[in-house]
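Colleague: Listed in order, the protein sequences are those of chains A and B. Residue numbering for the first sequence follows the numbering used here, starting at 1 and increasing by one per position. Residue numbering for the second sequence follows the numbering used here, starting at 1001 and increasing by one per position.
Among the hints, erroneous ones may be present.
Calculated pairs, DSBU-like style, for lysine-lysine (alpha carbon to alpha carbon, straight line, at most 30 Å) [claimed, not checked]:
| no. | chain 1 | residue 1 | chain 2 | residue 2 |
| --- | --- | --- | --- | --- |
| 1 | B | K1196 | A | K195 |
| 2 | A | K23 | B | K1133 |
| 3 | A | K195 | B | K1133 |
| 4 | B | K1058 | A | K56 |
Please keep in mind that the hints were generated in silico from the structure rather than gathered at the bench.
Number of protein chains: 2
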Amino acid sequence: MENHKNNTQLQGNEKLIMEAAKKIFGRKGLDGARMQEIADEAGINKALVHYYFRSKDKLFEAVINVTFLSFFPKVMSLMSNPSISLFQKIERFVDLYITLIQENPHIPGFMAQELSRGGADRVLDMFKDSGIKPEVFFQQIEQEIKTGTIVPVNPVHLIVNMISMCIFPFLARPLISGFLIRDRIDYDEFLEERKKELPKFIINSIKKK
Amino acid sequence: MENHKNNTQLQGNEKLIMEAAKKIFGRKGLDGARMQEIADEAGINKALVHYYFRSKDKLFEAVINVTFLSFFPKVMSLMSNPSISLFQKIERFVDLYITLIQENPHIPGFMAQELSRGGADRVLDMFKDSGIKPEVFFQQIEQEIKTGTIVPVNPVHLIVNMISMCIFPFLARPLISGFLIRDRIDYDEFLEERKKELPKFIINSIKKK
DNA sequence: ATTTGGTTTAACCATTTGGTCAAATTTAAA
DNA sequence: TTTAAATTTGACCAAATGGTTAAACCAAAT
């Protein structure tokens, strides 16, 4: 049965290849990854990889898609839910974001990869295609500013700050580890701590007292 | 005259190659970059690149070195200067960091590159070799906490937050641009704004009121 | 049992690419 | 002016790599 167009619900070898590709691409990037390496990681013949995904680029694109599609919708649906208060939203955002990346460690690598390459447009399109509008979050901020709950802040800077502080620690993981050794804290511990500290840090900064 | 060991003060073709390599490596990464491409960018014969730098890896390493050496010393000497107050230090840190990256746009790419690869140890070594100790900054924070000027914060999280918010916007530049279009703000404007907003954001969060 | 269609593999191919080398050219010392 | 050393180049090479293909394999239908 032909099922090349079948997305989302992969199985068997196709699934194996995707998982292997996530791992290898995430580690070495599009150029650094070898088709043979991916095949080995999946435990199958190299030609099979081509059989299922045609080319390296197509495979990469496929991984990009499932990666971002498993990510943005969850985060963005949270952010554009108008019935969650701003502070709650910040708390949940940090937790969700960090947890999602913990569960899919290949994501930051791809993020950097795809962005340093010219792939921002594609990501931007995904935003729009998902039918989700960040405006809700922005308006919510402006609302709270008017109400006087928070101090005036540029919403764009705020959201950039939040994303930065969630993602970057994963990119800089080996570096940060170097610092942490001093305190004999391991990285997962650091991340769990971060899930609690970060919302406090953010809210503390914008909350009017 | 043999001058392969001559560092820091390059000239002529050697300089041209380094600049070209910064640009190409920063854009495409170690694997994505082509020696031919670098030679073309420098406007010289490919064999010359090998003549001066032996191999692609050696060239990459050379660029890594000058990149990080042009960066860490300045930042770290600021951070470990005990005669600058904490708040001033934060303000200067943000400004210096962002300005430095603005002037060397290839740095974030390299940062991500080198970290996603296993190069953290090398970077960590540079810290130590530079004879600069981040402990000064950490102690300063703990001091201010005792004094009661700032609320209790984990110094590691704080410094990670600061670095994250400075670097990540450059990595995510194309994405952020997408958001900014809405407000018809161009990126440099955004960065200048950021130099002012970020210190406020950070200090606001830790300052006891 | 045979056929049929998807699946899997080993062998193979064309191209790209990092790197080399001998010859040519420039520079500077003698 | 010679001469020696450093620099620059085009041509070339071996290895690596993405991709192809024809044959083998296998499960289900007839």
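Colleague: Next, verify each hint and record whether it holds.
Modeller: Consistency of the hints with the structure:
1. B/K1196 x A/K195: Holds: B/K1196 and A/K195 sit about 27 Å apart, inside 30 Å.
2. A/K23 x B/K1133: violated (36 Å)
3. A/K195 x B/K1133: holds (28 Å)
4. B/K1058 x A/K56: holds (28 Å)
This entry does not satisfy hint 2, going by the numbered hints stated previously; all others are met.
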